[in-house]
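Here the protein sequences line up with chains P and R, keeping their order.
If you're matching positions, the first sequence starts at 14 in the working numbering and goes up one per residue.
If you're matching positions, the second sequence starts at 14 in the working numbering and goes up one per residue.
Bear in mind the hints are in silico, worked out from the structure with no lab data behind them.
Among the hints, erroneous ones may be present.
Just so you know, same-sequence chains aren't split out, so a pair can sit in one copy or run between any two.
List of simulated lysine to any residue pairs, SDA-like, C-alpha gap at most 25 Å [stated by the list, open to error]:
id	residue 1	residue 2
1	101	286
2	240	127
3	36	68
4	204	328
5	124	244
6	136	247
7	282	311
8	359	69
9	361	241
Read off the chains here:
Protein chains: 2
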Amino acid sequence: MGAQKTLLQAFNQTTYQVAGHSKRDIRQLQRIFQEVDGDLAADVYGSGEVIDNFQNKMAKYLGKESAVFFPSGTMAQQIAMRIWCDAKGIRKVAYHPLCHLEIHEEDGLRKLHQIEPVLLADKDRVISLADVLGMNEEIACLLLELPQREIGGQLPPYEELEAISHYCREKGIRLHMDGARLLETLPYYQKTAAEVCALFDSVYISVYKGIGGIAGAILAGDAAFTKEAIVWKRRHGGDLISLYPYIIPADVCFEARKDKFAEYYEQAKELAGLYNQCHGISTRPTVPVSNMFHVHISLPKERLEPILLAVCEETGVGLSHYVREVDEATSYYEVSLGDRYATIPKEKLQNVFQVLDQKLREALQA
Amino acid sequence: MGAQKTLLQAFNQTTYQVAGHSKRDIRQLQRIFQEVDGDLAADVYGSGEVIDNFQNKMAKYLGKESAVFFPSGTMAQQIAMRIWCDAKGIRKVAYHPLCHLEIHEEDGLRKLHQIEPVLLADKDRVISLADVLGMNEEIACLLLELPQREIGGQLPPYEELEAISHYCREKGIRLHMDGARLLETLPYYQKTAAEVCALFDSVYISVYKGIGGIAGAILAGDAAFTKEAIVWKRRHGGDLISLYPYIIPADVCFEARKDKFAEYYEQAKELAGLYNQCHGISTRPTVPVSNMFHVHISLPKERLEPILLAVCEETGVGLSHYVREVDEATSYYEVSLGDRYATIPKEKLQNVFQVLDQKLREALQA
C-alpha cells in the first residue's frame, strides 16, 4: 500500500503526464458549464431538449434509429442483454471471459437478470468466427467488445467482424457491441461509426473514456429496442430526474474530440514504439490498433513501482500512476492516449524513455 | 395537451411562483459549482474525499453507522428491500398501495428482484399499527413512507410509529424508511432526524426534494447493510465513475436548507389556510404536517386549467403549472413549500387568492 500510494503521489507531482486527457477534478465540470447558457432547462425524467438533442445526435452518428442516455454502461449493457433474452425466451448470452459484465459488475447479470453467460475464446485473444461457429449452446445474444480492453485493446480483423455478424443474423442471434471505446477503433478500421454499428443490433458507447466526459453511456438500436430500454432504465433506478450534469459534458466533449481519434491512434503507435525499445518491456498489442495498449514489464510489481516513481521525480514526466501484478515476475499497466500526449515536449519524451530504459537495464541485471 | 401546455407556459411567465425553491435550469448547477475549489479531486467509483465526507456527514445526521450516496432513490430502496429479503430468505415486503415502488418504478422490485409486495392500508390513509398487526403473511421488511407523498404528505402520530417499530423488532421484521421527505417531517414531529431514524433499520432520503439538490439519494443503516448496498449499487449500474456532480449540490443545499424546514412547515399551514378559504377547495391534509399538501378542487381538470391560467396572467403569481384529474368532477395538484414562498409580497399573495376565489365562485355557480 505504502509504495503504491507513493507512486501515485509522485505521479501527481509531475509536470507532464503521458496518458489521458486531464486530471479528474471539479475544474473539468466548471470549465464546461461556464460556456453553457444558464437559462437552458434541465431535463426531467428523460424528457427535454438537452437529453433529446444529444440522444438524437448520437443515434444519427451511430446510424441507429434511436439512442438513450444512461448513467452507466453497466446499466445499459445488462439491460440490452435482458431485452434480447426476453425477446428470444432464452436466458443465455455469449461473451469474452474478460468482458466487463463478467469481471467488473459483481455478477449483476446473473443476480438481477438471471442470465447465464457462455464464455467464448481464451483470455488472451479476441473472439473469432471459429469460436462463434463452435458454440454448442443456444444463446439469445453475442456481445463483442471493440476493442477488447483487458487485453490491451485488441480488435478482430474487420472482415471477421462482418462474417460473425452475417452468421448471427442467419442464426437469429442478436449481436451487441460493447463499444465503450468504439470511436477509438475507427481510425484502424477506416470506417465510420455508423458502418461498424450496422453490423450490430444494439450498441453501447461510453461518453467518458476517449470522449472524455464525466460519466454516462449511450445505448442505441431500433426504436422498439430503446423503448424497452427506457422502461428498464427506470426499473434499474437510472431514470434520474436530471442527467444534464453528465449529458452536457458528454456533448461538449464529443464535439471537441470526435475528430481527434486518428491523432490519438498515431500517438499510441509512436508511444508503444518507444516502450518496446526499452529493456524488459513489450506492449500488448505490439503495434496498437486504437489509442490504447498495455505495457508488460519483466519485473515484479514491488520492484517496478520504485523505478516508475524515480522516473517521475527525475524527469517530471509521469508514465503511470499505478502498476498491476501479472505474476511473480511480471507486471503491467494500461495506457490510453488522449489530449495530454501532444503537450509533452519531444525532448522530455525522449529523456523519460532513456531514463526508464537505463533503470530497467540496471534492475534486470541485478 | 394544448390546454395543459398553455398553463405551463403561463406559469413560466409569472413573476412569482408559490411552491418550490427555484426553476430547474442549468444555472442551479453553475451557481453551486462557482463556489467550489476547482482543485478538489473527483470521486472515483465510490472513493474519495468528496463522497466520503458527505456520506459520513449524512450517516451522523441520520444517526446511522454508515451511509451510501446513490444516483436515485429507486435504486437505493429496491436494494434495501433485496438485502433484507436475502437476509431473511423471504421474498416479501409490505408497503402502502401508493408506495413509490408500487406506482413509479415500472415494477422493478418484481422484475429485477423477484420480491412480492404485500399492500397495507387503504389508498387514502397511512399505514396504522392495526394494519401491521393484522398482516397474515410473513414478510422480511416493512416500508413506511414519511410523509406519505401521494396523499398530500400525511404522517402517522409519532407514538404509532414507535409502536410499529417496537412490534417489528419483536417479530424480526426489518423496518425501512422511505424518507424522501424526512427533513420535511421533523418540525411536526419535533424530533431530530436521528431520533426518527432510530426507529428504523434502514433509511433512504432524497437530496433533491426539500433539500433542493440536482438528483441523488442517501441510503443509511449499519455497516454490514451499507457494505452489501455498495455491492448491489455496482450490480444496478449505480457505481458511476464520478457522482460529484450530484454530491456537491446535495452537500451545499443540505447545509443551506437543513434548518429551514420549520419555516417551510409554517408557510405550508398558512398557504393551506388561504386555499381552504376559497370556494370549492379543500387541502389534503386540511392542516399540513410537513411542507406539502394537495389542493383538491371541485372542478374537472379541463375547467380548472383555464382558471389557473387566467390567475397567472392577471396576478403574475403562479399557483401550479399543472392539474391532475381525480375524477370527472374533481381535480388536484401538489404543493411543496420552498424558498420561493418567502419572496412573494404579502399583498400579491392576498390578491392571487381573491382572484382565484372569485373565479371559482363564478365557475361553480355556472
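Comparing the hints with the structure gives:
no.: 1; hint: 101 x 286; in the structure: neither (47 Å within a copy, 57 Å between copies)
no.: 2; hint: 240 x 127; in the structure: both (22 Å within a copy, 23 Å between copies)
no.: 3; hint: 36 x 68; in the structure: between (27 Å within a copy, 24 Å between copies)
no.: 4; hint: 204 x 328; in the structure: neither (39 Å within a copy, 59 Å between copies)
no.: 5; hint: 124 x 244; in the structure: both (19 Å within a copy, 11 Å between copies)
no.: 6; hint: 136 x 247; in the structure: between (34 Å within a copy, 23 Å between copies)
no.: 7; hint: 282 x 311; in the structure: within (21 Å within a copy, 73 Å between copies)
no.: 8; hint: 359 x 69; in the structure: neither (41 Å within a copy, 46 Å between copies)
no.: 9; hint: 361 x 241; in the structure: neither (52 Å within a copy, 47 Å between copies)
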